[in-house]
Amino acid sequence: MSLIETVRSRLGQSPSASSDRFSRGRLRLRTLVLIRWIAVAGQTVTVLLVSFGLGFPVPLMACLAVIAVSVLSNFLLYFRMPLRARLGDRDSVLLLGFDILQLSVLLYLTGGLENPFAILIVAPVTVSATILSRGPTIVLMLLAVASISGLALVHAPLPWGPEELSLPGTYALGIWTALAVASVFIATYVWSVADEARRMSDALAETRLRLGREQSLTALGGLAAAAAHELGSPLATIAVVAKELSRDVPPDSAIAEDVALLMSQSDRCRDILAGLDQRSHIVSHQAFARAPISTLLERAGAPHHSDDVEQAVVIENVDDVEETGSEPVAQDAPELAYGLGNLIQNAVQFARSRVELRLSWNKQMVRVTISDDGPGFSNAVMASLGEPYVSTRGGMGLGFFIAQTLLERGGATLEIRNRNGAEVVIHWPREVFDVAPEYGAANDEASGG
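Each residue of the sequence shown is one higher than the one before, starting from 126 at the first, in the numbering used here.
Treat the hints with care, since some could be wrong.
[As the list claims (entries may be wrong)] Straight-line C-alpha distance at most 20 Å; calculated EDC-like pairs for lysine to aspartate or glutamate: (1) K368 <-> D396; (2) K368 <-> D392; (3) K488 <-> E556; (4) K488 <-> E452; (5) K368 <-> E382; (6) K488 <-> E441; (7) K368 <-> D383.
It should be emphasised that the hints constitute simulated quantities derived from the structure, not laboratory data.
Can you make the complete structure from the sequences, with help from the hints?
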């Protein structure tokens, strides 16, 4: 295995293991403790204000005792665990579930669902839906609904002064329905939005990782070329000295075999450096050179040739130069090569016998159509392909998302359709190739690079 191939394989290692470890602990203890202190302060101020400010007959000592339990649990967390720690799903469910139960007891003492602060029981569910996975969120949602149901049936009277306030049963049922529906709706809606944002973030991180890998490989090509050049001079000197020794040393000398070995090994080193220099020049030169779009298309498809699938590049409208203009020229940037290569790889994977790469252009736009004679896209895939979490055969979903992201950052738009098989059509404005000095310039500016 060559040096470049070795580094390519090592650069290709996925950080999924570290990502999985991180995903198991997303809620920071410092954040949860801060939220709970705010809740404790709000509960304390509210109870004291209602009791002493408004003069309502609140069971003060019982309420303060319930609040004190929350204070004690916060102090235990503070002294027993580092605040920088990230809690796993299990610990997060236990703590947020405790908060739901603590608030439920406090609401039981102060009127149940007739207490206007009963809406706060959905707060832990919202926190879970924002940060935790689906399972813990469902558990907390069910716990909140169960607590709401219990408070609707059993609770102390609402503190209201000398007279007793009794709300109609229909109104109490409406409050229960509103809080239960709010718990389910907020949990579902917030979790869906947060999960989509997490998937998008992960997919963009994977895009940056793969693009960085290609850029690192390009840099390695230049480094290998420089190393081959620098090592060439001393190696040539060694070869000259070895030849002179071979002429001066008699054939029957004790060191004749050593001199012959030195010559053969120096020749071998020269061949290795020549091959390394050639491969590195291919990598580095192609990445920085500008070439016709048809050449770039052929280069993108070259690594994906298959004995079972014919791959053909068809250039349309090449005769009418006055009408269409000359063939567009672009930089062989990693974004373009990887984006096109990924789409071609998908087409080769699903094709029965042929993949066609059709290229056409005029003075306004450039179009590349990648089509295969496979089964085509299903309706479900066409409806959601391009989203980072779509998964089809061979993990096509994330690959298509990455290809689409890289190409769109270079000014392209993508369209998918079925025409006797799957077909992906890529459009660029003509000025992307004719005006911009580098294909990746827009991408570099967008990423701050």
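Checked hints:
no. : hint          : verdict
1   : K368 <-> D396 : holds, 17 Å
2   : K368 <-> D392 : holds, 11 Å
3   : K488 <-> E556 : holds, 9 Å
4   : K488 <-> E452 : holds, 10 Å
5   : K368 <-> E382 : holds, 13 Å
6   : K488 <-> E441 : holds, 14 Å
7   : K368 <-> D383 : holds, 12 Å
The earlier numbered hints are all upheld by this structure, with none contradicted.
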